[in-house]
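Protein sequence lines, in the order shown, are assigned to chains A and B.
Just so you know, the first sequence maps onto residues 687 to 1151 in our numbering.
Just so you know, the second sequence maps onto residues 269 to 542 in our numbering.
Among the hints, erroneous ones may be present.
[To be verified] Simulated pairs of lysine to aspartate or glutamate, DMTMM-like, Cα-Cα distance not exceeding 20 Å:
1. 1020/A x 959/A
2. 309/B x 959/A
3. 536/B x 959/A
4. 295/B x 911/A
5. 1035/A x 518/B
These are calculated hints, taken from the structure and not from any lab test.
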Amino acid sequence: MSKKILPKRVDMPEQRPKERVKNFEEVALGYSETQALKEASRCLQCAKPRCVKGCPVRINIPGFIKCILNHDFKTAIKIIKKSNYLPAICGRVCPQELQCEKNCVLGRKYEPVAIGRLERFVADYNRSREYKVKKKVKLNGKKVAIVGSGPSGLTAAAYLASYGYKVTIFEALHEPGGVLVYGIPEFRLPKEIVRKEIEYIKNLGVEIKLDVLVGKTLSLKELFEMGYSAIFVGTGAGLPKFLNIPGENLNNIYSGNEFLFRINLMKSYKFPEYDTPIKIGKKLAVIGGGNVAIDCARCAVRMGAEVSLIYRRTEKEMPARSEEIEHAKDEGIKIFELVSPIKFIGDEKGNVKKIMCVKMKLGERDISGRRKPEVIEGSEFTIDIDTVVIAIGQSPNPLLLETTPELRVTNAGTIIVDENGETSIRGVFAGGDIVTGTATVIQAIGAGKKAAYAIHQYLREVGDV
Amino acid sequence: MYKVVANSELAPGYKLVKIHAPLVAAKIQPGQFFVLRIDEKGERIPMSIFEFDRKRGYIETVVHEVGKTTKKLASLEVGDGIMNIIGPLGKPSEIRRYGHVVCICREGTVGAIHPIARSLKRAGNKVTIIVGARSKEYVFLLDKLKKISDEVIVATDDGSMGRKGYAVSALRDFLKSNKVDLILSIGPTLLMKTASKIAKEHGAKAISSLGAIMLDGTGMCGACRVTVGGETKFACVHGPEFDGYKVDFDELKRRQKMYVEEEKIALKEYERLL
Ligand SMILES: Cc1cc2nc3c(=O)[nH]c(=O)nc-3n(C[C@H](O)[C@H](O)[C@H](O)COP(=O)(O)OP(=O)(O)OC[C@H]3O[C@@H](n4cnc5c(N)ncnc54)[C@H](O)[C@@H]3O)c2cc1C
Ligand SMILES: Cc1cc2nc3c(=O)[nH]c(=O)nc-3n(C[C@H](O)[C@H](O)[C@H](O)COP(=O)(O)OP(=O)(O)OC[C@H]3O[C@@H](n4cnc5c(N)ncnc54)[C@H](O)[C@@H]3O)c2cc1C
Ligand code: SF4
Ligand code: SF4
Ligand code: FES
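One chain only, chain A, in its complex shape:
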């Protein structure tokens, strides 16, 4: 090839750390048209694109990049939406460095093409121009119910609607989107963007019923009785884990979920304009090292706290994206490595004041291949804090499972499905975090897409369509 390759990707403008710690606005600002064109020109348009194999939903990456080069942004979005109904979201939150971009051939010698940023650009460009697809789908007269409006449920709904089904999503919370609205903070994923992507899916004919907790408000059996021929369950992993150490129920100790739920969904950062309060304090500690922990820490910094992140292994082992860890450090978050809390100590009012911790060292590798942290005897010390966020992971949402004993689950509480995503109940399919345990947005989208297809096959087989 004679083309001269630009070795480095085009940088994406960002809000500077000093400014961004004072607001909840988006940190990464997105490419301009010129920047997008320049980045798009780096793509080699491989005949056998390896990048596509790294994308769980197999977006035609060179296809949409070529459209960018031709200034044909409409066709670009059409190509993307064939495989992914939530591109503005994935372009922002996919761990691209482990997926599409990891596989890009350019990555062998240079920096890989910034596929996520380009995907985001195409989605944003078309959204700001109110571009709408007018698809006329003939309804086939059958109804499908979706439980949960996270990325898996939204995607399953969108595909089923495009196949001609009348689709209703039942969501427990007062806003659709799952983790996209209650978990991932505004400064990484503006809620207005999630709302617009959901608007698009509603335009395909999908109805969303909020305030319905399936298992309590309505059972799966009742959904069938209401005329839904099949059900997709995408209820996610939203049950917070705690440490089970003394003092954990002292005041001002939050689970990561509660902390983010208050801030993102209830807009506590705008209290008292919004009614839901939150405690931040002056010194706040987050326990954990994953995406959720980093998100909590970065929220707390924006609300004025001095934030420490307490992690029992080293920074290298942190499951959070390295880009986000860097962001967090730039924002002034202190990381305590190889430290593990053993006890919370409160004052006479029951407010937490100190964390007693021990130092750790890394020992043998465990099954996950990471070195196991071990306690260093006699290394106890305390940290003064006035708020704690425990962000050590979430388990599958158990509520629907407890009220539907026929649904077979693993010991970990995830729903057991066959290769088509069908559960132990005929006509009930499942996907996303409720099946895999905490994973990623794009994996949930992939599961929703697969299940939609399987539901379509199933309903044809049983002669319902």
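Please arrange chain B with the ligands on chain A, whose structure you already have, making use of the hints.
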């Protein structure tokens, strides 16, 4: 939108609000609750049911105006909407034949106790209801309680109605001459703590419905965690009713006060804007 279809005053600071919420009305069982959010900027708060009409899709709740949200709720007029209502939440009361049951409550919590007492009565129990209140003015819905129970005992702090003193003193006296199998308490945390202690001394079972601070009400946040028998439980999914012998009421009381400063700010802002 969930429409308010009736709103009447029961006593100063107490309203009986009737709301059209068919999905909740269709399913709710005594002991369960729902969570509402009045408007876009509102918080999610849990409320109990006083009465439900499955056919017409109505639920009725007794509102005690203690802060911004309950005051806002109490001020809604017929035809006004509530943005979100989700339910039923929590576990239903365990309704079976215990023998003689005393239900003890204070002022507004008669609302929550009413459907439970009624079901206990229907299940063949002898039901005595003890209601405590500041004064006569704050004793309400008495006719309804009388209809569904064997006996209602009223105790007022100032003696303006029934006997003088707290409901728990009335309970102690009642137990002097009556054998009771279960004491079910819904009310201020101190009332429930004392009632449970008395139950234990008397050899009766104790059940209390805990007013933990809640957020989602579906088990996703852990805001409502309470310690029961040394174990952490989520009041919204494992409760709200628990074995009164085992509840750490002191912890509950402490956690209920977590946001007092913020609650004052919210209320002041609300009243300033009125
Ligand atoms: C703070 C945080 C940050 C994250 N950051 C990233 C990231 O940067 N990149 C990435 O790829 N992934 C990230 N993840 C993971 C990702 O968000 C999840 O893997 C993904 O959202 C899972 O999608 P889902 O559709 O399975 O479920 P969810 O998004 O969890 O949605 C489930 C929905 O179902 C509803 N529901 C549950 N039970 C019921 C019921 N019984 N009846 C009705 N509705 C019900 C819930 O209210 C919820 O709305 C993050 C997760 C968290 C918590
Ligand atoms: C299961 C359950 C059933 C309830 N049923 C009723 C009922 O039928 N009628 C009624 O009037 N009240 C009921 N409550 C209490 C009611 O939820 C609170 O009074 C209300 O949330 C207070 O909100 P506010 O903004 O008016 O007052 P605030 O000023 O915010 O708070 C006043 C006090 O109410 C409690 N409280 C505050 N926020 C919450 C919250 N999110 N969840 C629970 N408690 C909170 C705190 O102890 C606080 O000190 C119930 C509570 C629970 C847990
Ligand atoms: S959806 Fe995610 S993995 Fe797929 S191309 Fe886009 S950024 Fe890459
Ligand atoms: S592998 Fe890289 S260079 Fe090749 S098509 Fe994909 S993005 Fe372009
Ligand atoms: S209120 Fe969130 S878990 Fe109970």
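So, going through the hints one by one against the coordinates:
1. Under the criterion of a C-alpha separation no larger than 20 Å, the hint pairing residue 1020/A with residue 959/A is inconsistent with the structure, at around 31 Å.
2. This hinted pair checks out: residue 309/B and residue 959/A have alpha carbons roughly 7 Å apart, not beyond 20 Å.
3. With a C-alpha separation of about 12 Å, the suggested pair residue 536/B and residue 959/A falls inside the 20 Å cut-off, and the hint holds.
4. At roughly 16 Å between alpha-carbon atoms, residue 295/B and residue 911/A fall within 20 Å of each other, so this suggested pair holds.
5. For the hint pairing residue 1035/A with residue 518/B, the CA-to-CA distance comes to about 11 Å; that is within 20 Å, so the pair holds.
This entry does not satisfy hint 1, going by the numbered hints stated previously; all others are met.
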